[in-house]
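Undergrad: Kindly produce the complete structure, drawing on both the sequences and the hints.
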Amino acid sequence: MAYQWDFAPVFANADLLAQGLLNTLKVTGASLACGLVLGLGFALMRLSRQRLVSWPAGFVIEVFRTTPPLVQLFWFFFALPLIVGIEMTPLLAAVVTFSIQSAAFFAEVFRAGIVSIERGQWDGARAIGMTHGQALRRIVLPQAVKRMIPAFKERAIELMKTTTLVATIAYADLLFAANEISQKTFRPLETFTVAALIYFVVIAAFSLFARRLERRLAVSGESTVH
Amino acid sequence: MTILGVSGLTKRFGSNTVIAGIDLDVKKGERIAVLGASGSGKSTLLRCLNFMEMPDAGTITLDGKVIGRREAELTLVRQRIGMVFQQFNLFPHMTALGNVMEGLRTVRRMRKPDAQARAERELARVGLADKAAHYPAHLSGGQKQRVAIARALAMDPELLLFDEPTSALDPELVGEVLGVIRALAEEGRTMLLVTHELGFAYHVATRVIFLADGTIHEQGTPDEVLKHPKKERTQAFLARHKEFSL
Amino acid sequence: MNQWDFASVLANSDALLAGALGTLRIFAICLVAGLSFGLVVGLGRYSQRRVFYWPATVFVEFFRNTPVLVQIIWFYFALPILMPFSISPLAAASFGISLNSAAFSAEIYRGGIQSIDRGQWDGARALGMTFLQAMRRIILPQALKRMTPALTNRAIEIFKMTTLASAIAYVELLQQAKLIASLNFNPIEAYTAVAVIFFVFLWPLVQLTYVLERRLARDE
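Protein chains in written order, with my numbering: chain U, 71 to 296; chain L, 19 to 264; chain V, 105 to 324.
Think of the hints as simulated: they come from the structure by calculation, not from any bench. Heads up, a few of these hints could be off.
As the list claims (entries may be wrong) - Heads up, incomplete: computed chain U residues facing chain L, CB under 10 Å, no partners named:
#1 189
#2 190
#3 193
#4 194
#5 199
#6 201
#7 208
#8 212
As the list claims (entries may be wrong) - One-sided and incomplete, this derived list gives chain V residues near chain U with beta-carbon spacing under 10 Å:
#9 169
#10 170
#11 184
#12 185
#13 271
#14 281
#15 291
#16 294
#17 298
#18 309
Stated by the list, open to error - Computed list of lysine-lysine pairs in DSS-like fashion (alpha-carbon distance at most 30 Å, straight line):
#19 264(V) - 282(V)
#20 149(L) - 130(L)
#21 245(L) - 45(L)
#22 223(U) - 249(V)
#23 249(V) - 264(V)
#24 223(U) - 264(V)
#25 282(V) - 254(U)
#26 282(V) - 96(U)
#27 264(V) - 96(U)
#28 254(U) - 96(U)
#29 45(L) - 249(L)
#30 149(L) - 216(U)
#31 45(L) - 83(L)
#32 130(L) - 216(U)
#33 96(U) - 216(U)
Glycine is no exception: its CB is placed at the ideal position from the N, C-alpha and C atoms.
TA: In structure tokens:
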């Protein structure tokens, strides 16, 4: 069975793929940034001794970790606009969903990182008169974040892969663009293979970059604690 | 003149009463050595004085003013009471200089050149001017503890708390840390020192307190408590530490 | 504001039931296929021999670094071009999810096997065991205990991934919710109901992983 591979029709639509990749990166970047900020907020709420603060954060985290991302996306895109009576674009629905979803995972990473810092660090900071917030920002978080980088990297990669779900609500990301090209050129094999390779290259490059960052931080003087 | 006044101080962990109503006046220039068996509440007493542990009952006054429990007030109090820990608790992501500057910059909001000049002076005082750029991971235990002392001194504390400052050190490194503390004593600084170094306590302290069961069991001059203890438990404790040289 | 009306969802409970069965079917297939093929790949990643190590590594790297939805769509739309037969949505989705899960679980198996003390191998070898005997009787039983929390987590991920099969119109819970929502114009209730079903099913499993993780941390 000799199938004639022909990538020319795919490359003829390179601009569509490029635009799709750009949109993928846009959703990923926005969700990552919001997710990190929100995740730190959730983590600090979870660590609070006040039930009224820690419980709602715990609930949101559990719900978003325990339901499928695609169900969440459909809920935010199709259901939420009817409940609150607002217009929802695919991009907005995607960023909201993926921000909260990654925040739920980042929150656990932050929390684990913060509690992994030994108590003496808090003692040392408080003994020179730092407030809780100052100790967290200056002493605990800088050390914790370094330990969290591998987990962050993994989550960021998961996030980028998850963004393909936006294609199902017709946002023109890389997968959606590939689907369009495939229907236009009747070359699904070549198109989807190229799309898969683009994802692979982008994600593998990011992964390599993160690993180098990790290593650079590990050798910058203070490799061991105490 | 009393700097720190403690009355009726009580601290419980669950059902376990660790400090059972302690009264204590610390006068300016006094150097108080706190002794006692492990579990007698020495460290807890020290940690209650700057509210690292919240006392369950009792009041503490600083310069005659009762200390409240609000975070903002406590951070001010802790700036005036320096503390040095058994485990150093240096910040591993900052250099020795960075550690000493940290309180000046973040808490005191001092300008960077001023903070740096001040921190360099304090490091020189503990004999570590040449280690300013080193991270804690590259310092010996004795050097770490001297950086920790410099970090506390940089805040100009009116009172210094030492919580077993040499217990985590290898024997050959104890001397350099005790030397620094002795120099501070000679400057006339007010300090409370929890220690197992009885000989050091004898020579440096102006008053010795022996704790047992969370109360002050016996106190007096080093001569009174260490050489002529009146109470049986103090005698038993000292008998177990016979090896100290007075 | 909208009146919540779950009656319209309950009226379609037979459609939801069909969806639930579809979800369970693909979950079972992918769980078994993914975790067992993952063991094979994991052993390849552990192997010192290049003929095993390199193919396993390429497989793991490729499937971990591409989105599972792209894989599913590739198997559904692209692969049939090369095959003399068509591929059903169930087969395509199962292929994508299983291979993806195999790549992830392979790393769990490898890490678990590597974590076992070398002395265990020596002990087994000293008794005259072959590599496979030592693996099966001595190493894997110990490693599996350490891997249980991570593998349970994988199972949860697989369950969530099954919803992606709706993108190629395989009949599962989310696909049925789409259907109900479009027939009854009740997306709020339909999607909320499906979210609740997933939550109710997965929540105990997630709690179980927490318990397993804590127990493991305590035992070691």
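Undergrad: Would you mind marking each hint as holding or not holding in the structure?
TA: Now the hints, each set against the structure:
1. 189: 9 Å, holds
2. 190: Because about 4 Å separates residue 190(U) from the closest Cβ in chain L, which is inside the 10 Å limit, the hint holds.
3. 193: Since chain L brings a Cβ to about 5 Å from residue 193(U), closer than 10 Å, the hint holds.
4. 194: 3 Å, holds
5. 199: With a minimum Cβ separation of about 4 Å from chain L (threshold 10 Å), the hint on residue 199(U) holds.
6. 201: 5 Å, holds
7. 208: Where the cut-off is 10 Å and the nearest Cβ of chain L is about 5 Å from residue 208(U), the hint holds.
8. 212: Residue 212(U) check passes; min Cβ-Cβ to chain L is 5 Å, inside 10 Å.
9. 169: Since the shortest Cβ distance to chain U is 4 Å, the answer is holds.
10. 170: Cβ of residue 170(V) sits 5 Å from chain U, so the hint holds.
11. 184: Since the shortest Cβ distance to chain U is 8 Å, the answer is holds.
12. 185: 4 Å, holds
13. 271: 5 Å, holds
14. 281: Nearest chain U Cβ about 7 Å off; hint holds.
15. 291: 4 Å, holds
16. 294: 8 Å, holds
17. 298: 6 Å, holds
18. 309: Cβ of residue 309(V) sits 8 Å from chain U, so the hint holds.
19. 264(V) - 282(V): At roughly 17 Å apart (the allowed maximum being 30 Å), residue 282(V) and residue 264(V) satisfy the hint.
20. 149(L) - 130(L): At roughly 19 Å apart (the allowed maximum being 30 Å), residue 130(L) and residue 149(L) satisfy the hint.
21. 245(L) - 45(L): Roughly 23 Å between the alpha carbons, so the hint for residue 245(L) and residue 45(L) holds.
22. 223(U) - 249(V): 27 Å, holds
23. 249(V) - 264(V): 24 Å, holds
24. 223(U) - 264(V): Holds, because 21 Å separates the two Cα atoms, which is no more than 30 Å.
25. 282(V) - 254(U): 26 Å, holds
26. 282(V) - 96(U): 27 Å, holds
27. 264(V) - 96(U): 24 Å, holds
28. 254(U) - 96(U): OK: residue 254(U) and residue 96(U) at ~25 Å, within 30 Å.
29. 45(L) - 249(L): 25 Å, holds
30. 149(L) - 216(U): 24 Å, holds
31. 45(L) - 83(L): At roughly 15 Å apart (the allowed maximum being 30 Å), residue 83(L) and residue 45(L) satisfy the hint.
32. 130(L) - 216(U): Given pair residue 130(L), residue 216(U) holds - Cα atoms ~25 Å apart, limit 30 Å.
33. 96(U) - 216(U): 26 Å, holds
In summary, the structure agrees with every hint in the numbered list given earlier.
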